[in-house]
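Asks: Which chain is which? The protein sequence lines are A and B, in order. Position 436, counted from 1, in the first sequence is what my numbering calls 436; the numbers after and before it change by one each time, with no gaps. In short: position in the second sequence from 1, add 1000, done, that's my numbering.
No lab work stands behind these hints: they were computed from the structure. Here the structure is a predicted model, which means the values were calculated and not measured. There could be a bad hint or two in this list.
Straight-line Cα separation of at most 20 Å, SDA-like style, residue types lysine to any residue; simulated pairs [stated by the list, open to error]:
hint	chain 1	residue 1	chain 2	residue 2
1	B	K1068	A	A165
2	B	K1330	A	G157
3	B	K1273	B	D1093
4	A	K425	A	A165
5	B	K1330	A	G194
6	B	K1330	A	E189
7	B	K1330	A	L196
8	B	K1331	A	V455
9	B	K1156	A	G460
10	B	K1152	A	V455
11	A	K284	A	G157
12	B	K1156	A	A452
13	B	K1068	A	A52
14	B	K1156	A	I459
15	B	K1331	A	E189
16	B	K1156	A	V455
17	B	K1331	A	E188
18	B	K1068	A	I45
19	B	K1330	A	G460
20	B	K1090	A	L196
21	B	K1090	A	V408
22	A	K100	A	I226
23	B	K1330	A	E188
24	B	K1156	A	L453
25	B	K1156	A	F462
26	B	K1090	A	N406
27	B	K1331	A	G194
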Amino acid sequence: MSQAFEYFSMGWVDPYLFFLTALGTFAGIYVGAIPGLSVTMAVSILISFTFAWDVNEALALMAGVFMGGVYGGSRTAILLNIPGAPSAVVTALDGYPLAKRGEAGSAIGLSTVMSFIGGLIGIITLMIAAPIISEFTLMFAPRDYFLLAILGLLLVGALSGESLAKGIFCAALGVTLGMIGLDPLTAEERFTFGNLELTGGVPYIAAMIGFFGIAEVFVQLHHLDIKPIRQNLEKILPSWKLVKKYLPLSLQTSGIGVIVGALPGTGGDIASLLAYDHAKRITKDPSVPFGEGAYEGLIAAETANNAAVGGAYIPMLTLGMPGDAVTAVMIGALFIHGIQPGPLMLTETPHLFWFTVGNLTLANLCILIFGLTGIKLFSKIVQCPKGILLPIIVVLSVVGTYAIQNSVVDIYWMFGCGVLGYFLKMYGYQVAPIILGIILGPMIDVSYRRAALSVQNDIGLFFWEFLSNPISLILTASVFLILLNQFRNRKT
Amino acid sequence: MKKSKLVLWLLLTSVTVSGAAFVHFTLESPTTNYPTRNIQGIIMWGAGGATDTMSRAITPYVEPQLNKEIVLINRSGGAGAISTKYVHNKKPDGYTLLYGAENPQLHGVLGLSDIDYSEFYAVNVLARGISVIVSHPDQPWRSLKELMDDVKARPKEIKMGSTGPGGLPYVVGAMLGSEGAFEVIPVPFDGDGPAITALLGGHVDFLPSGFTATAEHIRSGRLIALAVVNDKEISLLPSVPPITLDYPSFKKFLPWGPFYGVFINKQAPRNVKETLTKAFHHGASNPQFIRFVNDFGAIPMNISGQEADEFLRKWQSVTTWLLHDAGATKKSPTIFEIPRP
Chain A
1 MSQAFEYFSM GWVDPYLFFL TALGTFAGIY VGAIPGLSVT MAVSILISFT FAWDVNEALA
61 LMAGVFMGGV YGGSRTAILL NIPGAPSAVV TALDGYPLAK RGEAGSAIGL STVMSFIGGL
121 IGIITLMIAA PIISEFTLMF APRDYFLLAI LGLLLVGALS GESLAKGIFC AALGVTLGMI
181 GLDPLTAEER FTFGNLELTG GVPYIAAMIG FFGIAEVFVQ LHHLDIKPIR QNLEKILPSW
241 KLVKKYLPLS LQTSGIGVIV GALPGTGGDI ASLLAYDHAK RITKDPSVPF GEGAYEGLIA
301 AETANNAAVG GAYIPMLTLG MPGDAVTAVM IGALFIHGIQ PGPLMLTETP HLFWFTVGNL
361 TLANLCILIF GLTGIKLFSK IVQCPKGILL PIIVVLSVVG TYAIQNSVVD IYWMFGCGVL
421 GYFLKMYGYQ VAPIILGIIL GPMIDVSYRR AALSVQNDIG LFFWEFLSNP ISLILTASVF
481 LILLNQFRNR KT
Chain B
1001 MKKSKLVLWL LLTSVTVSGA AFVHFTLESP TTNYPTRNIQ GIIMWGAGGA TDTMSRAITP
1061 YVEPQLNKEI VLINRSGGAG AISTKYVHNK KPDGYTLLYG AENPQLHGVL GLSDIDYSEF
1121 YAVNVLARGI SVIVSHPDQP WRSLKELMDD VKARPKEIKM GSTGPGGLPY VVGAMLGSEG
1181 AFEVIPVPFD GDGPAITALL GGHVDFLPSG FTATAEHIRS GRLIALAVVN DKEISLLPSV
1241 PPITLDYPSF KKFLPWGPFY GVFINKQAPR NVKETLTKAF HHGASNPQFI RFVNDFGAIP
1301 MNISGQEADE FLRKWQSVTT WLLHDAGATK KSPTIFEIPR P
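Okay, chain B solo, but in the shape it has when bound:
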């Protein structure tokens, strides 16, 4: 009696496990018409982040074009390397989309993974974020130049909020560093949000950050924007000077910022690429989505294919070499044949 129950129990367990595996594999069966079933969308970052919000905002505009649902799943980890590899290893039939940010372009030089967006087809690069350099109103600086002069006068005393190597503050810091001595104390946080909270509480002194997360704090006067990391003023921050005003040499890095896009395996059939590109292009042209992107403090891009590839390559070239020159890379960009900008 006892034994038979044990057997039953083991049987049920194995049925469940194989059931899960079965579901896992049937999702990959190939088709000629596309799409004939629901599509899986893998979001590179966790729920509540900028990539997540952007992905969930575009998807409802695209689904009617495809007549199918896109089921969104967050798969964070390894700074995006895990989801990138996961989607890349799936059958290239267009039923697994990667909703990603800029990170895979740096995985090579940071030694995380060899897969970057050159292995993918860019269905759509939806938007790019704008970075601003913000500080607390209690600090004396009212322009980037004042901050930079103070950094020079008091090396290793001023605290800069950061999000770790390869993160936005780090890269902007490296850009500032290319202007000469720039010795600050970088204090890394888990993301834009926690870094801004620390800045609001005065635990760090300044922060290069995505505009999205800081916009309302700047508007309410709780934070001061010293410069926009762009080559011209942006309409949402009319009185804040672009970084190129004081530092014209920054032009060579720009446009630079985090970006958000949708990608599929490069090996996918052509009709799949065309269907998806059309659907996402249509979705990203929706005025309501464009309004959302603007509210989100980003610049709509809506580019795909060749045009997107060029953007991605330039971004990778600028950023990896900046990081390499700042000594933050594990492998040289030359190993990956990334040309110097």
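So here's chain A without its partners, still in its complex pose:
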């Protein structure tokens, strides 16, 4: 135990490591906030950058960037309606309406505190239950991923605004967009019309920037003469009473975040979607309706995506398997530094586990500190005259989109999605279900076919497996209960 504590505090007592973690977190917040610059990209670049460094130093910096980056995505989501990262899509749903109401300051304050709580729960879970959870996640079969994605898709009801039909239309549009490209199982071309660029599929971050950021800019062009709302900057830190009130909710959504984050193949984006769905279901009367600036929605998204960070480390540290794209890059970094990632890492390089836990804890603390400073300045962005703000958003969107993979085609996609999003918005369609479809569509597609293939396309056996396996049974039951519940609510 004292050994563990010694490893844990390595990053705290060594001033240089301490500095690196803090620096990483700070840089991560800003990388995360810029749409198109992803944490995965930042950590990849750090591999070359930290090549000659000691492995501990490299890991400290990367842990900071990871933690900070996931949090940073919420900044632009709240202020400009452009999610800095896919995991912040859900943050924009209620964060941006809050900013429009003049509560950008308190929205950022709340998201910072909640990210901290989510992050902390992720870390604690990693600390005490990593081996159990990693064994648990291995039990998830393709059919369970299928059910999980279906659960996520049910969220369309919550995201569709005034009309469920329009919501379903948008989700279907998203699923269709997600199908473009090479079939992930057979490499067959789908909807590519023989065009090579289309075989790469819709670059989904570019689509996200278009549908959220650019479409909103176009809509705002109608209101150029309307003065921006003055931001209320009196109260930024959420009161203790508020935090306490939402503690049960934030614990639940963090729990969802950890598990979904630990599942290989799902990360912060799906975690925050499922958490938002959960929050919407269990909250009987939210502060204001969801989608119009409900605190509950913001809390769910921000706790879940930060808890997913701790979750993603679970399979990486216990099995050497990535929990998401960022930890996949980190595993590569471990190789380059001469460490063999795998199940024996816990015993052969014992310091790694507790050292990482220590770094993450430190990075999480840094989020609280860096996140709560400068809020007043950031909130002023929303007060900027639109003639200045809107072009800046467009510039940022173009640069961010180009940065994803230096592709001009991505910029076309972004503007195309922006124009489409604008018309959809003008006719009362919500763009969030499109993103939901793009994220979940491919997951439903491949996991369904994988599950079917595993049983030799035997339909009886296919459904029997949904009931004969405990995890599948629980997921199937949840899907049915939610559907039944919605049906009943609609009747009354």
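Based on these hints, arrange chain B on the given structure of chain A.
Replies: Frame of chain A, contents of chain B only:
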């Protein structure tokens, strides 16, 4: 007032777009001395994959030789066809490198693209990966022969992890299939990692996989290696028999495995080719890089030019014909004048 703002806004937008385009084009201006500015390295696969790791591991050893930075960018998609075409369409001045894996050699027969490595100059084929056939310890098989006998006894019942047509498990499966009846249920995953996770969880029964990703699981006993797809034992897996022990006819396919290399357009000037070849050769000879390759479960190759071409041609011939005979190709290798091995 309102109108002027709109004009300003449109102006700014167009400036940005043309600015991006400007940066895009200035990157291509030709030079006689090489290199006079930073080089762009396009990685064929996404961040965190084997190609990505290999590319990021070699680059820092090469940069000091060139006195310039190589800026690495991941451009995945189309199973590598997009980055291959992108680099091929760039001006052949050596300022755009392709960090690629084996995939373009199959794009022709899979109907994805007509561009393969014959359009490129192989600056360096860095290493080739070793494949192993692994299974879960709960399964009764302790050798490849036992597995194969069981497959024959219970056709269409045993689940094989796969990564789709043309992927490593698929090709090894096709090799096994050339030995006679081999009816398994292939369940495709997104890559080695997810397939191994599924095997660990018992959702598939066995998996031909890159050694890199399975090494530590084999060492910890969570997975059992039935055979190494190589013609001799490898030092990292001393007790596991080579596949040729039970199936000597496999010799004709070997050496086979995924490979990782650096390529430039064939039209590049000779001095560019020479400078790059020298730099990468020096980098790939670094003992630290060699140690990394070994740890990574791969075999260092460090070949270029003619020698690399021969390797690439043999690889293409073996693999495309295997796939063609297994019925997995869209176009026959004869269309591309690929000789039968």
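Asks: Could you grab the alpha-carbon distance between K284 (chain A) and G157 (chain A) and see if it respects the 20 Å cut-off?
Replies: The given pair, whose Cα atoms are some 16 Å apart, holds under the 20 Å limit.
Asks: Are the Cα positions of K1331 (chain B) and E188 (chain A) separated by 20 Å at most?
Replies: Judged against 20 Å, a Cα distance of about 13 Å means the pair holds.
Asks: Given the hinted pair K1068 (chain B) and I45 (chain A), is their alpha-carbon gap at most 20 Å?
Replies: It holds: about 16 Å lies between the C-alpha atoms, which stays within 20 Å.
Asks: Does L196 (chain A) lie within 20 Å of K1090 (chain B) when you go C-alpha to C-alpha?
Replies: Within the cut-off at roughly 16 Å; holds.
Asks: Against the 20 Å threshold, does the CA-CA distance of K1068 (chain B) and A52 (chain A) hold or violate the hint?
Replies: Distance of about 17 Å is within 20 Å: holds.
Asks: K1330 (chain B) and E188 (chain A): Cα distance at most 20 Å?
Replies: Judged against 20 Å, a Cα distance of about 10 Å means the pair holds.
Asks: Within a Cα-Cα threshold of 20 Å, do K100 (chain A) and I226 (chain A) meet the stated pairing?
Replies: holds (12 Å)
Asks: For the pair we were handed, K1331 (chain B) and V455 (chain A), check the Cα-Cα distance against 20 Å.
Replies: violated (30 Å)
Asks: Verify the proposed pairing of K1156 (chain B) with I459 (chain A), using a straight-line Cα cut of 20 Å.
Replies: Distance ~16 Å between K1156 (chain B) and I459 (chain A) Cα, so the pair holds.
Asks: Is the Cα-Cα distance between K1156 (chain B) and V455 (chain A) 20 Å or less?
Replies: Roughly 10 Å separates the two Cα atoms, so the pair holds.
Asks: Compare the distance between the alpha carbons of K1330 (chain B) and G194 (chain A) with 20 Å, and conclude whether the hinted pair is satisfied.
Replies: holds (15 Å)
Asks: Hinted pair, alpha-carbon criterion (20 Å max): K1330 (chain B), L196 (chain A). Please report holds or violated.
Replies: Distance of about 17 Å is within 20 Å: holds.
Going down the numbered hints, you'll see the structure goes against 1, 2, 8 and 19, while the others check out.
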